[in-house]
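Full structure from sequences and hints, please.
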Amino acid sequence: MTPHSTPLPPPAKRLVLFVADGLRADTFYKLDENGASRAPNLRRIMETEGSWGVSHTRVPTESRPGHVALIAGFYEDVSAVARGWKENPVEFDSLFNESRYTWSWGSPDILPMFAKGASGDHVYTHCYPADQEDFAAQDASKLDTWVFAKVKDFFHSAKSNQTLLSQLNEDKIVFFLHLLGLDTNGHAHRPYSREYKENIKKVDEGLKEMVSLLEDFYGNDGKTAFVFTSDHGMTDWGSHGAGHPSETLTPLVAWGAGVNFPQRVMHQDFDDGFSQEWKLENLKRHDVNQADVAPLMASLIGINFPLNSVGILPVEYLNNSDRFKAESMATNALQILAQFNVKMTQKKENTLPFMFTPYKLLPDSQQLEILRRSREYILQEKHNDAVALCKSLISLALKGLSYYHTYDRLFLGMSVVLGFVGWTSYVILMIVKLYTNIPSSDLEHTKVTTGFLQCTVASVGALIVLFLLIQCCPWTYYIYCLLPVPMWYAVTRESRLIWDLLKCIQNVSLPYSLALLLLLALGVEILVLSFFYRAVLTVGLTAFAGWPFVTQLRAQVKVTTLSWAVLCLLLAAFPLMPVVGREPNITLVTVAGVLALLVSTACVAALWNSQHRYVTSFGLHIHLCQMLNLALSIFVVNHTHANLAQKQGLPILNQIVSWITLGSSLVVPLLSPTLLFQRLLSITLSLMSSYLLLSRGYEALFPLILSCLMFVWINIEREAAHTDNLSVIQKLSSADFSWSINISHARQLHLDDIRRSYFFVFFIVTAFFGTGNIASINSFDPASVYCFLTVFSPFVMGALMMWKVLIPFVLVMCAFETVQVSAQLSSKSLFLIVLVISDIMALHFFFLVKDYGSWLDIGTSISHYIIVMSMTMFLMLLSGLAQVLTSKKFSIRLAQTFVDHSGILPCLWLHPEQEYV
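Quick note on our numbering: the sequence shown kicks off at 721 and runs consecutively.
What the hints contain is simulated information worked out from the structure, not anything from laboratory work.
Yeah, the Cβ is synthetic: ideal placement off N, Cα and C, and Gly gets one too.
Keep in mind that a hint or two might mislead.
Claimed, not checked - Label pairs and their calculated CB-CB ranges:
| hint | residue 1 | residue 2 | range |
| --- | --- | --- | --- |
| 1 | Gln1191 | Leu1154 | 39 to 47 Å |
| 2 | Gln1086 | Thr1126 | 34 to 42 Å |
| 3 | Leu1597 | Ser1384 | 39 to 47 Å |
| 4 | Ala1362 | Phe1515 | 50 to 58 Å |
| 5 | Ala1108 | Gly939 | 38 to 46 Å |
| 6 | Gly1600 | Ala1293 | 26 to 34 Å |
| 7 | Gly939 | His1359 | 50 to 58 Å |
Given below as structure tokens:
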């Protein structure tokens, strides 16, 4: 695209951008308990020198997308984060790239991506070592004082460096000071802490020094513009990433060359009440979208607007002639219109002429007409009319840009729906074919029929490929459009089975069929609603509590049914608890660990007292070692958080123990026998130890109660299938997970198996949303991983948080694997029913995906769809992990003399006739 800049001389020669990472608007603007500002220097600037407002960010409120919006003027796709935090996976233009020179100081996680994405060699970065971003540091504000000190050294050295001095006296230069201390202190101590508020004062003092330094260096020439803002805010509990106002509202203060002076008003245009709360109701407030800051800065120093910017210039911040404002807005319109025209040309060239539908609200003739009229208004000095006309053109161009971005939505959506319906139909047919006793008819596929189907499929596939090739479509389009073809081919090959199934359905009474469909639809809708309202899970679990009492199970073991009801009600309390805003409570983590120890002690004692021939001393020794590790985890959590509270850092021994516990959590269970009860107990103890190390509050109780409920569910399913007189421990101790791979003639499916599959999906959703929701998943809180590391590492911390989310999944999946073994079913049969339920949910959420409304609504709708889609695929992987955890074992033979004489592993010592060591 052709770059555009304001044709008139700019008011400033240089611009200084201060970004206080993680600074909330309300914490910054609000006065303290004594009625004084936490940033008196910036408060004075707002009242006497510059303009102020609120910068509204978009989801996700993270550092990388926030800085891209500020400096490049557009909202980066979230997928860019997965490709590299510090890199530029997609080349984009930025304010730094368009400047003559840019010098930046700050975090190694932010600065490099703008330098690597710049053309030539004119963007210089000065970063501190990554290990200084330590959440356990005594004073994270040292990150900001480091920046201020380096800037001082830089200008001091420039006085004796003629080359650097001449560069600094050029125009169109940018200084970028990235201040990470607030974000680090906010994560570590919360944004209402003394450390966070003191950090604001230090930033304000440092900023005052920087302004004085620059004015002295340039001899008070009045050609420096200053912008102070933040990339995102922070929640009360020290996290960010979602769409809460505390995360999306950030401060914006601008002053210096070309910036408007304060305007006194009687009332504000905003009715949110913030201005009154901040005691700023008499100072004109100018709110902007975060991307609007980039064109503002470009206009102030007269450089090209960033090519990819979608920001709209906030002319209210400009202190210049009306003509300059009008010309700047016209430049902004041309720059955004260039993106619209390029996108339209690309789509037109790659679409068949008779299929191309242009954006009707902004044809070429109207573009030219609006540009002509705006130029006339400028020449006639009707500058306000020109500004309004350019804003309307920008609005149309942005809508048109969105139109061409989503041009193929209907086409691709139909392909996705066809793929969903075809795949779901095929899975249902496979369930009917392999695991039911549907009587078959005598109809058979002839060679002619099979050949006709194959020719039809090949022809359809060839036409689709040809159609996509002509339009030069991306390779992903081929996947979307071609996947339904083999799926529907597989469905049509089962025409005989479809005919048999329809005949069987005709033999079933209509009211019964409708009741079953209605019940299934209601169950799926409950699962869908739980994504929006977590309390629905409470309703479902409460209904589950009464399920055994309305079936034949009520006449069997009453202790089991009563335990089921109590545990369901206990688990039902978690979705009603707050998922965000909770303060850390290590006492509850300790209570959860102690309860887990008591429950495991009772289980081990029951195993020991059962004297069952299947119970081995080796398995008991494994459990004792895991209980000791659980107790050690309780100590590590308490000791680590006590040290961090005293600002003594993370003890290295605690860190080593935490990583060893995490690394062994999936290995130690493989040493235990594959007997159902012992293997499940071993898995629960290992995962519980890891979960405690990643917990900060009541959520530590969740996997414990969930595990107990899963154990009772397994027992109930065994009660439904068996009526012997064995005790619970004896039943589960005599069964072996290894049998699951030896069932060659598994029984056929019944209607009750649909209920089992639904229970599993419901428990999976409960495991995901029991202590969280979309906002809490997006909101990243590093405090949960402080037992493992405190130095900022987004991918390692993200992986640890993801493992914490997955642990309840693994517990439910292992229980489901046990139910399949107990019910003597093939490991694939129930899982196919689960896939059908998950796919129906995914298709439902696909229709709920939106790209309009608030950004929280958009992000939530996409997150819902991605979570369910991921769950459909992820459950397949998790099923494999559960099979490994439950049915595999390490068999290591050691010489008996080696064991006897070395004294190694005394707790695992076995008799010579036993196999495992």
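Quick rundown of the hints versus the structure:
1. A beta carbon spacing of about 40 Å between Gln1191 and Leu1154 agrees with the range 39 to 47 Å that was offered as a hint.
2. Checking the proposed 34 to 42 Å range against Gln1086 and Thr1126 shows it is violated: the Cβ atoms sit about 21 Å from each other.
3. Against the hinted window of 39 to 47 Å, the Cβ-Cβ separation of Leu1597 and Ser1384 comes to about 21 Å, which falls outside the hint.
4. One distance hint, 50 to 58 Å for the beta-carbon pair Ala1362 and Phe1515, is violated here, with the actual separation near 28 Å.
5. For Ala1108 paired with Gly939, a C-beta distance near 40 Å keeps the hint of 38 to 46 Å intact.
6. The supplied range of 26 to 34 Å is met by Gly1600 and Ala1293, whose beta-carbon atoms lie about 33 Å from each other.
7. Judged by the Cβ atoms, the range 50 to 58 Å given for Gly939 and His1359 holds: they are separated by roughly 57 Å.
The structure shown violates the earlier hints numbered 2, 3, 4.
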